[in-house]
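Visitor: Guided by the hints, dock chain B onto chain A, whose structure is given.
Protein chains: 2
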Amino acid sequence: MAKLQVAIDLLKIEDAIALAKKVAPYIDIIELGTPLIKSEGLSGIRKMKDAFPDKLVLADFKTADAGELEANMAFGAGADYVTILGTTGDSTIAGAVKAAKEHGKGVVVDTIGVKDRVKRAKEAIALGAAFVELHAGLDEQAEEGYSIQVLIDEAARAGVPVSIAGGVNMNSIAAVKQSGVVVAVAGAAIYGAENPAEAAKALKEILNA
Amino acid sequence: MAKLQVAIDLLKIEDAIALAKKVAPYIDIIELGTPLIKSEGLSGIRKMKDAFPDKLVLADFKTADAGELEANMAFGAGADYVTILGTTGDSTIAGAVKAAKEHGKGVVVDTIGVKDRVKRAKEAIALGAAFVELHAGLDEQAEEGYSIQVLIDEAARAGVPVSIAGGVNMNSIAAVKQSGVVVAVAGAAIYGAENPAEAAKALKEILNA
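For the record, the sequence lines run as chains A and B.
Residues in the first sequence are numbered from 0 upward in steps of one, following numbering that gives the first Met the number 0.
Residues in the second sequence are numbered from 0 upward in steps of one, following numbering that gives the first Met the number 0.
Don't take every hint at face value.
When chains are identical, the list treats them as one kind, so a pair holds in a single copy or across two.
Stated by the list, open to error - Once the Cα atoms are required to be at most 30 Å apart in a straight line, the calculated DSS-like pairs of lysine-lysine come out as:
(1) 97 to 114
(2) 121 to 11
(3) 104 to 11
Please keep in mind that the hints were generated in silico from the structure rather than gathered at the bench.
Model, not experiment: these values are computed from the prediction.
So here's chain A without its partners, still in its complex pose (with noise of 0.2 Å):
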């Protein structure tokens, strides 16, 4: 069963444990964003651990270098999932996942920016990656002409485990579900919502019929 996973885009940590607490009953994965993480540092990452600690969170760290010393800096802070960039090396992705046998946890390698999504999924599966999420970031929803239905149509055919985050709501969750994802990613489509714990149920309770 797909797991369903809150990615957090607000500023303050506070504010994050704030929501995270109204759509946890909902949740599987908490997500610290890179602007979360940028402006809190590691700290958030623990005090949100610390909040949740039956919960899986994963610091969208969007490592281009040194990935073996930024992966342990998550790990340590308490993080379960941290991700790497699709677009960096694979020594870089090859450090992270060093540091996630180390510690028990797990590698996510996001595909932004990558031009061959499912070629370098199967590769970063391949280098030890626990899953790969196929990404259209904020600004390239924003551009004219994006549609979720590409991430959609390369998770059917990966055929290796996959997440799918830009674009995942009430329109687009049924899709995502029936192509097989491990994970379906949800931001605005949560914290963005009027009233973000029923728009978390609402959304699990398709990714569980």
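Guide: Below, chain B without anything else, positioned relative to chain A:
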């Protein structure tokens, strides 16, 4: 005359400021490395700028998405420059440039992971970047067969303002200067030296010669 930038890859802002105090007389740009940013958050940038109001402070965000938001965060915390990944889409760079213009600050595009660095450098300058960092990351430098000469050759034929990072030291600084860079970035050659001040002074003297 080429500026000298020190890349500080320490994890505690107190250690970073202590190092910066030693080398400041010979340095034009103080860079907070990506691991330091992720470790300390925005408060690290603020502390560094407060300690060195007359130096240029570069926040090595390596932004891969939400260019305008992340650049605004860095400039708001006191950074004079923020780095954006060249592997990311043009809209991310353009968003960061928009924020830079509003703050009267600058965007530096980091070519880590870029296949054709010279081509991307020209595109980044056309998008409004202040300069482009021709960069081999720590992981790439550790790979067999790496040589800074590739970056030096690219700088010489780029025809746009570039810096070089990835192996700048006493062996390479003269060739780096000769290539016409606007900034030479030294990391381990300074922070890993027995006497960081002497190391920075020696590099600066060659740039000024």
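Visitor: Which of the listed hints are broken here?
Guide: Going through the list in order, the structure violates hint 2 alone and respects the others.
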